[in-house]
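Novice: For chain A, the structure is supplied; the task is to place chain B on it using the hints.
Going down the list, the protein sequences come from chains A and B.
To convert a position in the first sequence, counted from 1, into the working numbering, add 41.
To convert a position in the second sequence, counted from 1, into the working numbering, add 29.
Note that these hints are calculated values from the structure, not bench results.
Worth double-checking, as some hints may not be accurate.
[To be verified] Result set (DSBU-like, lysine-lysine): computed pairs, CA atoms no more than 30 Å apart in a straight line:
hint, chain 1, residue 1, chain 2, residue 2
1, B, K37, A, K68
2, B, K37, B, K52
3, B, K70, B, K60
4, B, K167, A, K78
5, B, K140, B, K70
6, B, K167, B, K64
7, A, K68, B, K34
8, B, K70, A, K78
9, A, K69, B, K167
10, B, K64, B, K37
11, B, K167, A, K68
12, B, K52, B, K140
13, B, K60, A, K78
14, B, K52, B, K70
15, B, K167, B, K140
16, B, K64, A, K78
17, A, K69, B, K37
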Amino acid sequence: MPIYKVSYVIIGNDNPGSILNQEEMPKKGELVQFGDKTFEIIEVLELVPPRGEFHYIHVTCQTVRKKGKSKK
Amino acid sequence: MELTKVFKGVDLFEGMSGDEIEKVARICIEKRFHKGGIIAKEGEVGDELFIIMDGFVEVVLGERGSKSARVVVSLGGGQIVGELALIDQGPRSATIRASSEPTVVQVIQRKDFEELCQIDTRIGYIVMHNLAVDLSFKLRHRNLE
Numbered sequence: 042m043p044i045y046k047v048s049y050v051i052i053g054n055d056n057p058g059s060i061l062n063q064e065e066m067p068k069k070g071e072l073v074q075f076g077d078k079t080f081e082i083i084e085v086l087e088l089v090p091p092r093g094e095f096h097y098i099h100v101t102c103q104t105v106r107k108k109g110k111s112k113k
Numbered sequence: 030m031e032l033t034k035v036f037k038g039v040d041l042f043e044g045m046s047g048d049e050i051e052k053v054a055r056i057c058i059e060k061r062f063h064k065g066g067i068i069a070k071e072g073e074v075g076d077e078l079f080i081i082m083d084g085f086v087e088v089v090l091g092e093r094g095s096k097s098a099r100v101v102v103s104l105g106g107g108q109i110v111g112e113l114a115l116i117d118q119g120p121r122s123a124t125i126r127a128s129s130e131p132t133v134v135q136v137i138q139r140k141d142f143e144e145l146c147q148i149d150t151r152i153g154y155i156v157m158h159n160l161a162v163d164l165s166f167k168l169r170h171r172n173l174e
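Extracted from the complex, chain B is given alone in its bound form:
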């Protein structure tokens, strides 16, 4: 299916016109992972945001430290992950691991995203607002555990 149509089911793009979604789709790169494949590693510097298109990923905390690693949440289709690196440019706060065969993600590079936002500030505003809503939803999920 055409990427822009699929993106209409992703809340990161809620509020965008078809043309705006098309502009974001142009900076996305598809990546495929086998079950168990590492998408991003805790502690490493990251500059990519991932949109899960097919399958599930596990968010794993504690692989870097002395604590035993534990899966804190499983994320499925339509979810975004790795967004903190896009916002604060800090190291990855968790490992992201593919947990289904296959797992398909769309990747947005920070540099490409920032360039797009400078050209089209409305897209930047909508994405940043939707990222905040998504982070709020994840926080509420954690609070209700």
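Chain A on its own, in the form it takes in the complex:
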């Protein structure tokens, strides 16, 4: 089963971003929640080629007001 090592960077906000392993590939337009704030994914990049089951993904997010899927 693939594992996605995802680097989340938040733009326009003082949130420092996160790195975590997850079982689902993040998708543009999805909502994610860090702390009490919700962010929209605006860009997804494969940062380097996968190694074994591990995929190395970079995600850029921006703030939204709606509630979304909780990551933290």
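Specialist: Relative to chain A, chain B alone:
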């Protein structure tokens, strides 16, 4: 869940056989922290690497100096932290603070790790290679901020 199964989802162990992961699991010690608990402190001598199993930790820079402290990244499940102390034996470059309730980590002591690597050099090679990949990924994360 059995630790060796959980470790298959940790990229530090990518490329290892089940037996090899089992050997690493034997030198790991579980530690639990409450939200806000200090896992490692900037400036202190450290000889432990932490694998985050559950929850999140914050990496905080500047608590030692005159600068105001700031969180530079939040790390979640499957990530490793404190690896520099395992590699260069220098003081902790940042404070590591638990930011969820609870936060569960597996700890590897440098001495135990070095002994294991001398007995099984393939494990040492794989872990060191994967540590380099992880550091590279973190650097890329910083560059894209």
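Novice: Hints first: check each against the structure and report whether it holds.
Specialist: Consistency of the hints with the structure:
1. B:K37 / A:K68: holds (24 Å)
2. B:K37 / B:K52: holds (13 Å)
3. B:K70 / B:K60: holds (16 Å)
4. B:K167 / A:K78: Holds, at roughly 23 Å.
5. B:K140 / B:K70: holds (20 Å)
6. B:K167 / B:K64: holds (23 Å)
7. A:K68 / B:K34: holds (27 Å)
8. B:K70 / A:K78: Holds, at roughly 27 Å.
9. A:K69 / B:K167: holds (22 Å)
10. B:K64 / B:K37: holds (26 Å)
11. B:K167 / A:K68: holds (21 Å)
12. B:K52 / B:K140: holds (15 Å)
13. B:K60 / A:K78: holds (29 Å)
14. B:K52 / B:K70: At roughly 29 Å apart (the allowed maximum being 30 Å), K70 of chain B and K52 of chain B satisfy the hint.
15. B:K167 / B:K140: OK: K167 of chain B and K140 of chain B at ~25 Å, within 30 Å.
16. B:K64 / A:K78: Roughly 18 Å between the alpha carbons, so the hint for K64 of chain B and K78 of chain A holds.
17. A:K69 / B:K37: holds (27 Å)
The structure shown violates none of the earlier numbered hints.
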